[in-house]
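Let the sequences and hints guide you as you build the complete structure.
Protein chains in written order, with this note's numbering: chain A, 36 to 256; chain B, 8 to 145.
Since the hints were made in silico from the structure, they are not lab data. Every value quoted in this text rests on a predicted model; they were computed, and no experiment measured them. Glycine included, C-beta positions come from ideal geometry on N, C-alpha and C. Treat the hints with care, as some may be off.
[As the list claims (entries may be wrong)] Over the 12 Å line for every Cβ pair with chain B, so calculated as not near, a few chain A residues: (1) Gln66; (2) Gly68; (3) Val94; (4) Gly97.
[To be verified] Computed footprint of chain B on chain A; a stretch qualifies when at least three of its residues, placed anywhere within it, have a C-beta under 8 Å from a C-beta of chain B: (5) 103-115; (6) 142-148; (7) 170-181.
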Amino acid sequence: MTLEDNRGGLCAALCESRTSGNMSRVTPLGQLGWIVARDVNRTVGGGYAAMELLRRTFVARGWMTGATHGVIVAVSRLTPGTNVLAYCTAAGWRLRGWRGSAVALAAASIPSSIIIFLMSAALVRVAAYRAVQAGLAVGMLVACVLLFAAAWSLLEPYIKGRARIRVVAMLACALALYFVGLTPVRILLIAAVVGLFIRPMHEPSHEEGRPKTHTTAGTSR
Amino acid sequence: MTVLVVYALLVKATLTSFSGLASLPQIRQDFVETRRLMSDEQLTQAVLVGRASPGPVGAYVVSVGYFAAGWPGAIAGWLAMITPALLAIPLLTTIERWLHLPRMRSLVDAVIIAGSALLVPAGIQLGRDALVQLWRVL
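Quick look at the structure:
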C-alpha cells in the first residue's frame, strides 16, 4: 500500500510507520530549527499561513505526510495559546522527540519575540510610515492566499473521499455555527463530540485497524 | 516580584484562550483595569506591534510584558506565550495512542474539517483588512 492509496485523511497517518521507507531519515535538528524559524517568522497575519509553509517544506523533504500534518493541525487547534507554536511543538516532537520540540518551539518564538521587543522599544514611529503600512498590507494579502491554500490542503483528502456529502455538510454546519456567533473553540469541541458519534469516514483495512506503533523511525524520544 | 506577576497574569490569559488575540479581553481586564500595570493606549500599541511584526499574532504578549515591566517583562511574556504550547505534546501522544479506534479517527477527522471551515472566515477577514489598509495608504 502506498501513500497515494491512502489519500483519505488519517489512513495515511496510521500507515506512516509502515511506509516509513521515505520517512525514516532522521531529521537534523539544525535544519528543523532553520526551517521553522524561516517559515514561521516570514509570515504576517497569523499562524495558519506559517503552518501551510511548514507543511509544504516537511512534505517536500519527506519528513511528514499530509495526513500527519492534518492530525498535528487538529492537535494545535485544541491546544490553548498560540496555534502555530503548538503546531511547531507537536511537529518537533513527532520528528525528533523532546529535542525537536524544544528546537522548533524556540525557533518559532524567539526571532519574532526579539522583533516585537525591538519594535515595542522603537514603536509606533515605524508603523506610522506609509511604506511600512503598504508592505504590511501586501504581506497580509499573501497570508490570506496561504490561508485558503491551507484550508484546501486539509480538506482535499476528505473532499475526494467517498464521504464527500457528509464532509460538505460538516463544513456548512461549522460555518453556520461560526456566523451564529460561537467561538472557534466551541465549534471545534462540538465537532469533536459529533465526531465521536458518527460513522468513520474511512473504513479501516485489517492492517489499518491495528494500533499504531510509537517507534516511528526518525524519532528519538 | 512584578515580573512573576506579569508572567502569572499572561500565562493565565494564554492558557484560557485558543488563538492569538483571544487572550486580549483577559489581558485588558488584568493589566489595565485590575492591576493598572499599563494604559489602554499601551495595550493598543502592543496589539499594533504584534499585528505589524512577522510571526505568530499571539506574540503581542511579549510587547504587553515589555510595557508592563521592561525587558524582564518581555521575557516573562515570551515564557507565557510558549508555556501553553507544551500541552500539545501530551495531547498529540494521547490522540496518536487512540488513533486506531474508529471513534477517535472520526473525532479527529471532524475537528480537522471544522478547523478547515474556520480558516475561511479568518482568510476573508484578513483579506478585507489588507485591502482596507492598502486603500487607506494608497
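Hints and how they fare:
At the 12 Å boundary, the C-beta of Gln66 of chain A stays outside the reach of chain B, the nearest C-beta of that chain being 20 Å off. With 12 Å as the threshold on Cβ separation, the claim that Gly68 of chain A sits away from chain B holds: the shortest Cβ distance comes to roughly 15 Å. With a closest Cβ-Cβ approach of about 16 Å to chain B, Val94 of chain A is found to remain outside the 12 Å limit, as its non-interface label requires. For Gly97 of chain A, the shortest C-beta to C-beta distance to chain B comes to about 20 Å, beyond the 12 Å cut-off, and the non-interface label holds.
A count of 11 residues in the stretch 103-115 of chain A with a Cβ less than 8 Å from any Cβ of chain B is obtained; the coverage claim is therefore met, three being the minimum. Remark: the stretch 142-148 of chain A is confirmed as covered by chain B, as 6 of its residues place a Cβ nearer than 8 Å to a Cβ of that chain, reaching the required three. Residue count for the stretch 170-181 of chain A with a Cβ under 8 Å from a Cβ of chain B: 8. That meets the three needed, and the coverage hint holds.
Hint violations for this structure: none, all hints satisfied.
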